[in-house]
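Enquirer: Taking the hints into account, I'd like the entire structure generated from these sequences.
Quick note: the sequence shown, position 126, residue 126 per full-length UniProt numbering, numbers continuous.
Hints were generated in silico from the structure; no laboratory data involved.
Certain hints may be false.
Beta-carbon label-pair distances, calculated as ranges [to be verified]:
no.	residue 1	residue 2	range
1	His85	Gly33	22 to 30 Å
2	Glu8	Ser92	20 to 28 Å
3	Val62	Gly14	25 to 33 Å
4	Lys75	Asn138	18 to 26 Å
In this text, a Cβ means the ideal position worked out from N, Cα and C, and glycines have one as well.
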Amino acid sequence: MLGLDNIEKIKPGGLELKDRLVSVNRVTKVTKGGRAFGFSAIVVVGDEAGTVGFGLGKSKEVASAIAKAVEDAKKNLVKIPMKEHTIPHQTSARYGGADIFLRPATHGTGVIAGGTVRMVLEACGIRDILSKSKGSSNPHNVVKATFKALLDIRKPEEIARLRGISLNKVFNG
Numbered sequence: 001m002l003g004l005d006n007i008e009k010i011k012p013g014g015l016e017l018k019d020r021l022v023s024v025n026r027v028t029k030v031t032k033g034g035r036a037f038g039f040s041a042i043v044v045v046g047d048e049a050g051t052v053g054f055g056l057g058k059s060k061e062v063a064s065a066i067a068k069a070v071e072d073a074k075k076n077l078v079k080i081p082m083k084e085h086t087i088p089h090q091t092s093a094r095y096g097g098a099d100i101f102l103r104p105a106t107h108g109t110g111v112i113a114g115g116t117v118r119m120v121l122e123a124c125g126i127r128d129i130l131s132k133s134k135g136s137s138n139p140h141n142v143v144k145a146t147f148k149a150l151l152d153i154r155k156p157e158e159i160a161r162l163r164g165i166s167l168n169k170v171f172n173g
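Expert: Laid out in structure tokens, this is it:
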């Protein structure tokens, strides 16, 4: 998906996935016979419990472009490490011109994020987070940058094991 190796891929069977349409683009191809219109859709799917994926679909009709995007998203599902309803640590990522910054927030804060980033975070099931999107607002790059940032998150258990300390000491110093 984004070239990262430490990703825990998930099979869509048995999951109750909800899809969110991020954007639909009308694309034009100029041919000898005139203009040929097509549509490109980007969709985010998730179970709102840490599993999320995104997909891109292209077709001559909007409905079939969305259906293709949903199928593609289901093939690219990943598990995101979460601590209660937020992320365990802050992270940032860049994809193309889009630059995303994510920071964990206390319970009750809500999802402080722009439209595209909000869709990815809500599909994932994150309910308390602070984010900032800088640079490009192109939905394709923002979705990919958000995924890259989420996939950079490491589990607290993994960090404790690598450092050779207890899980309690990771959070409390």
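Enquirer: Could you tell me which of the numbered hints above are not met by this structure, giving the numbers in increasing order?
Expert: Failing hint: just 1.
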